[in-house]
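Colleague: Here are the chains, one letter per residue:
4 protein chains.
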Amino acid sequence: MKRSFGSDNHSGIHPQILDSIKHHNNDFVPAYGDDPYTQEVEQLFKEEFGPDATVFFAFNGTGANVLCLKALTQSHHAIICADSAHIYVDECGAPERFTGCKLIPVRTSDGKLTPELVKKELKGFGFQHHAQPKVISISQATEFGTLYTPKEIKALAALAHQYDMYLHVDGSRLANASASTGISFKEYITHTGVDALSFGGTKNGMLMGEAVVLLRPDLTESFLYIRKQAMQLFSKSRFIAAQYIAYLKDQLWKQNAMHANEMATYMAACLKDVPQVTITHPVESNAVFAVIPPKICDKLLEKHLFYVWDEDVCQVRWMCSFSTTKESIDTFISDLKSLLK
Amino acid sequence: MKRSFGSDNHSGIHPQILDSIKHHNNDFVPAYGDDPYTQEVEQLFKEEFGPDATVFFAFNGTGANVLCLKALTQSHHAIICADSAHIYVDECGAPERFTGCKLIPVRTSDGKLTPELVKKELKGFGFQHHAQPKVISISQATEFGTLYTPKEIKALAALAHQYDMYLHVDGSRLANASASTGISFKEYITHTGVDALSFGGTKNGMLMGEAVVLLRPDLTESFLYIRKQAMQLFSKSRFIAAQYIAYLKDQLWKQNAMHANEMATYMAACLKDVPQVTITHPVESNAVFAVIPPKICDKLLEKHLFYVWDEDVCQVRWMCSFSTTKESIDTFISDLKSLLK
Amino acid sequence: MKRSFGSDNHSGIHPQILDSIKHHNNDFVPAYGDDPYTQEVEQLFKEEFGPDATVFFAFNGTGANVLCLKALTQSHHAIICADSAHIYVDECGAPERFTGCKLIPVRTSDGKLTPELVKKELKGFGFQHHAQPKVISISQATEFGTLYTPKEIKALAALAHQYDMYLHVDGSRLANASASTGISFKEYITHTGVDALSFGGTKNGMLMGEAVVLLRPDLTESFLYIRKQAMQLFSKSRFIAAQYIAYLKDQLWKQNAMHANEMATYMAACLKDVPQVTITHPVESNAVFAVIPPKICDKLLEKHLFYVWDEDVCQVRWMCSFSTTKESIDTFISDLKSLLK
Amino acid sequence: MKRSFGSDNHSGIHPQILDSIKHHNNDFVPAYGDDPYTQEVEQLFKEEFGPDATVFFAFNGTGANVLCLKALTQSHHAIICADSAHIYVDECGAPERFTGCKLIPVRTSDGKLTPELVKKELKGFGFQHHAQPKVISISQATEFGTLYTPKEIKALAALAHQYDMYLHVDGSRLANASASTGISFKEYITHTGVDALSFGGTKNGMLMGEAVVLLRPDLTESFLYIRKQAMQLFSKSRFIAAQYIAYLKDQLWKQNAMHANEMATYMAACLKDVPQVTITHPVESNAVFAVIPPKICDKLLEKHLFYVWDEDVCQVRWMCSFSTTKESIDTFISDLKSLLK
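Protein sequence lines, in the order shown, are assigned to chains R, Z, W and S. FYI, in the working numbering the residues of the first sequence are 1 to 341. FYI, in the working numbering the residues of the second sequence are 1 to 341. FYI, in the working numbering the residues of the third sequence are 1 to 341. FYI, in the working numbering the residues of the fourth sequence are 1 to 341.
The following block holds chain R by itself, in its conformation from the complex (with noise of 0.2 angstroms):
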């Protein structure tokens, strides 16, 4: 069987989560988030996230994180992220389509904002010619896969806050970063203050479904039509529901998630003792970044799918999921041998 290191996307779904959705299809129920399965989801998050947790399912990761900004704020309005962010560089400016807000990016050395980072983009506040920052959007884990530690995030939720600004959190990776280090979904989000979650599922072993975590009941109020509006809105949402709950109820998220990190904390190993292949981030979650000769680059494309990240120095993404294998590791890092002698 073919693997792929390109994305956590391009695996497969996970068969628990496949059953819970042939378990739930024995009937007629309610659509648009009207059946008794998406209220047990919402109960679910509740759990995780705290009573004031409200969950809204979305399409797509786009779809959650353009939701969450749209939440947060009107167009009139800016949000600071890191230049590495997929809200500011994967989603084909659907963020600044959707909210009319401005977008400032921050150069940062590892994809995590620090207040430092965020305070010189705070300014302007008061003037009517400048867009006026509203959101500090991060990602947890971070597109280059490293971590951010509650502390991290309570830092940043306070800045917010101190100018009345929320803290969205992009979290398609955070069961990745959960299952990484054990510590839970509340203690990094609704402890630390975080205002607006994007909560994946798909990179994980669901079939389709991002979950929005509101953690303020006063952001919920025009949720429902926001979503509509933005085409996000799911007919049959029970079959969202049911990833949802085989992927919350029996931990299948940590489950998965931690053979993700095993992966890469394995792949990464192996590229020890290899000296022209340089580890760029630490492997702190399901990524491997590296830069690699580039001679060898295409030849191992050829075998092998995977992203160059940074052509100009030949840095390249390594993504594992809950499906790869050591086999598949060890037959790509054995091939990746070979080109180098």
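If you're looking for bench data, these hints aren't it; they were derived computationally from the structure. It cannot be assumed that every hint is accurate.
Cross-link-like lysine-lysine pairs, in silico, PhoX-like; alpha carbons within 25 angstroms at most [said to hold, decoys possible]:
1. Z:22 / R:254
2. W:46 / W:154
3. R:123 / S:299
4. Z:123 / W:337
5. W:303 / W:254
6. S:151 / R:120
7. S:120 / R:295
8. R:303 / R:337
9. Z:254 / R:22
10. S:46 / R:295
11. R:22 / Z:22
Over the 10 angstroms line for every Cβ pair with chain S, so calculated as not near, a few chain W residues [claimed, not checked]:
12. 43
13. 120
14. 128
15. 181
16. 202
All values reported here derive from a predicted model rather than from experimental measurement. Glycine included, each C-beta is placed from N, C-alpha and C at the ideal position.
Since the structure of chain R is provided, determine the placement of chains Z, W and S on it from the hints.
Modeller: This is chains Z, W and S only, laid out in the frame that chain R set:
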């Protein structure tokens, strides 16, 4: 097992669809449409709609409609539709929000536009103060379950093209239309001159997934970016593909839609001899619209799920789907008759 | 000197307006509204509309209308207006484009909404699929030159507020209404419960400049950013201020509007004894709408400038302005009568 | 008479401009650009920019910029600009809001883009996840008062066209550039290959009015609707025309801009021997940027109006305009020197 006449999306997933998803869950494949299954479906759509047709998946009906309209317009354009159209009534302003266009509603008796009705709105061309008419949008089947003939569609397409406009078809229930009349998709769409089609699936037994079919190659140029920016790009595209493979290859669409239509026909037949119930639209697909005595409406709603379409006259809508059973209709009719006594 | 009945904005600038611009052109002053003249006008508007009223300048009528609507809505809202409203017909979709809202047109006989007409559209509250009605928008004077009474406006405001909605008035010709009836701005707007007003100037003798008047302090919070983002912030604000100082302080608005109204009344009187000409709307401000024999229309257009409002029935619109002269009307009537012979 | 160095739009209207407005206030003329004066100006712009150039009026600089960008883009495009650009910093997100595009800011030392700087952002073409680069936007003169040579502009235009992109110039101070170097508008814009230009007027002695100059006829097709929908269509267009007639015909633009430039040069010269003041950018037009001792800044602001550009280093901006006088500069320098003692 409880049955609903509320909507065809209250039903679940047809087992063949689920099997196909499972069958295609066997491998790593590239995401975002670069997989072989999506490419197989692209071919299937060319067989159904001709070689000039290009298909793109979307998540839901609103997404498919908005993507079609965005592909056909610039923001200063106007879109003419029936005042009962889904795009006008039931999408929370998503078409206006994402295209920037003005929607011009036309009052109809049966949900169907005619050249005569449309012509009244074809004015102001070249006048800078007016949004410029650019799209005629119709639904086949309509929101009232009525059908256009190919000749009627052809006449609207000819009118559109005469004014350098486009014809869009919201085909969330096109399968029901074709199954009802035996007229093929190609005859309804390709041969009549339709420019863009939203092709449904979810309401007729799929888990989720709609398709945008662009009938003119010049319309496709920027479509990938439009879809991404509209938050309608699905990472694990193969799992929409898997559904359409089952749906189209073995004509599951026809089997499902025929059943739904037959159930509606059966229901209407059962009501023929009930003088207090007036069927208000010809039952040409899977919907039954009827005016019922207000005094029984609430009681009937306690036992069965359906929508009151027009409260003023107590017009109700009963929808049938692939999983509606004769028994459930019998029970429903029996309950209704008891209440009328 | 050639005269036009095409529009009240075919006339030029009243000399007192130009003198006031010249008079205020004597100094360096801060831009963007931070000058003493703009502040003086802010006071003048409070005198006209009461202490809770806040004024903001805009460039043109479309700008003022769109700013008002944006201040009152979020993008998932709907705005109810007459199907003859300037915001619906003559702004090339700017309201939809900039607010994201759906506009719901209501057919009227005379351009005037009534609670009965509006109530039919007050539905779908709380239903996530429907754009949520949030604004009733009326024009005073209407596009047909007809007037609302304060009582009629009050009833619409009460209806709006009952549903947690707002009432907006497009007052591009509010001066004509007040000059016609002697009813003050305050009586028409403040005392009836209007929430936001577009207050004209350009059509009544100003060079350019319209005003947004927000009647509720809580609506003003983000307005400066909304205006800037809507490209309606004027750097040399003092020169709109200078015009409004002349316009309001010495009641130039009343003098100009009264003259325009009188000219329309005179024109209508001249046509009383012309059986082939039917005046279709009561002449309550500065517009005369009439149905004339189609055969003379083109010939009359060769000599005089005016608009054909409805080609189907050859309904025409003749507008009078502050600079329309009795002589020009006499010539016009004489030409019309000659053609009718 | 009090003078300001805060902005060139703190000055008033040049008397010749006001005279021209008065001179053209003599008649009824059609509105919205269909008047003979607007048509006369269209000819004047063709003389300045060549026969392929088409001019459209806008109200203000933000309006002109946004209209240009909208004419060049679809919503999934990206616009590359200096991170000091007016469109990026000072328009409250209007470009993002109205075009839907992503703005990509490039850090520069002097406000000027170079092909080398731009090339780093020319990536992701054809990749559906990335907003597609479509416009390079520069300012001439830049926000720091620095100038591009025609050769530098030509290189950027060539780069843009090589990638099927456009070059836009924000020329709110193009007059200052041309007056400074003696290089004509045609040499700066038409001959270098610029595609769209925002041409200023308000900052150089006009009451209000900017111009969009489209250098390629194929860009003009939908422009009238774009402008109307963007709320930038002026009814009494003749009064912008009147200003441009005075401005262009007798080269008032040059006279005014030369004076403003000379005043800035004079000011800079006066500061040469002041060691505590460091001029940070070459004074090539009408702006002086300087770093001054923080301790005198507030006191200087009490007596004179100017902006602190960068609080961190106490960099300030002093702008000169057509009405800045040598005496006011002398006073200013004298005050500054006193404070430094």
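Colleague: Please write out, lowest number first, the hints stated earlier that are contradicted by the structure.
Modeller: The structure conflicts with hints 4, 5, 6, 10, 16, although it agrees with all the remaining ones.
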